[in-house]
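Fit chain B to the supplied structure of chain A, relying on the hints for placement.
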Amino acid sequence: MSFLVNLALGLLFGIGLVVSGMSDPAKVLNFLDVTGTWDPSLAFVMGGAVITAFVGYRLVLKRSKPLAAAAFQLPAKTEIDWPLLLGSAIFGIGWGLGGFCPGPALTATTLGAAGTYAFLPMMFVGMWLARAFASRRVAAPA
Amino acid sequence: MTEFTPIASTIGGILIGLAAVLLIAWEGRIAGISGIASRLLPPYADGAFPSHLGFVLGVVAAPLIYLMASGNEVLQTVSSNLSLMAIAGLLVGFGSVYGSGCTSGHGVCGLSRLSMRSLFATVTFMTTAFVTVFIVRHAS
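As given, the protein sequences belong to chains A and B, one line each in that order.
Quick note: the first sequence uses the working numbering, first residue 1458, plus one each step.
Quick note: the second sequence uses the working numbering, first residue 6, plus one each step.
Only chain A is shown next, with the shape it has when bound in the complex:
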């Protein structure tokens, strides 16, 4: 059941990416190119998504628990630490090089571009490395 609900929600999310134009790396890179061929569309995607989620989260979090789980799992950490900043900086460089963040890279899977098939496997390698790296850091004595 959770599989099917998540499949439907992933579809909704992915169709959002397609409708918004964010599945096209050229559009993303043009947003990031303020001094060149600037396309502000990405700001409207973020605006629509953040306003919807801001209102929706407030309504949902008034409930005592979610529909299909015992409790809400919200990130508990509040500290601004080096992994947060370093990881985000590295992510931004990769995003600026290829125009793909993880969601649009996934929607590109079936669209046949050669660059996508260079990007996607390496994205999963990077994710695996980061998880291995982070768990070692946690396991190491403080």
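In case anyone wonders, no lab produced these hints; they're calculated from the structure.
One or more of the hints may lead you astray.
Part of the chain B face toward chain A, derived, beta carbon under 8 Å [claimed, not checked]:
hint	residue
1	7
2	56
3	63
4	67
5	73
6	117
If you're wondering where the values come from, they're calculated on a predicted model, not measured in any experiment.
For each residue, glycine too, the CB sits at the ideal point set by N, CA and C.
Positioned in the frame of chain A, the structure of chain B alone reads:
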């Protein structure tokens, strides 16, 4: 050049936000694609693998369903520089997981929760992305 699409982009953004709201209402989780996709890899801790797999398959299938529903092909332009794209993929995968989130987890969900960590993360990755594009397109 790409066409400025304020209306379609706002509608698409609302759909993305709606998916995030429904996911927290259903399972109480944050709709961060880097978090969900990276948990398809071992180790598996929380028994949520079927959920993560379902969500990722949904995102992957979206252009096909969109084509069937609207009759429009999903157009995109991806760099054909394969070594550049491989390096970009490695940096995106490593950075988003090491930094606990990407454009969806920090940018959409975190900012909506008014999370300070997500604000710092979003400003950081936006800044390095702007600088990277500037260097690639205008400084070389």
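Handout entry: Residue hint residue 117 of chain B, partner chain A, criterion CB-CB below 8 Å
Key = holds (4 Å)
Problem - Interface hint compliance - residue 56 of chain B to chain A, C-beta minimum distance less than 8 Å - result: holds (5 Å)
Handout entry: Cut-off 8 Å, beta-carbon criterion: hint that residue 7 of chain B touches chain A
Key = Residue 7 of chain B check passes; min Cβ-Cβ to chain A is 5 Å, inside 8 Å.
Practice task
May I ask you to test the interface hint for residue 67 of chain B with respect to chain A, counting a Cβ-Cβ separation under 8 Å as satisfied?
Solution key: Status holds, d = 3 Å.
Problem - Interface restraint verdict for residue 63 of chain B against chain A (beta-carbon cut-off 8 Å) - result: Status holds, d = 2 Å.
Handout entry: Proposed interface contact between residue 73 of chain B and chain A, which counts if any beta carbon pair is under 8 Å
Key = Hint violated; residue 73 of chain B Cβ to chain A Cβ min 11 Å, cut 8 Å.
Checked against the numbered hints given earlier, the structure breaks only hint 5 and satisfies all the rest.
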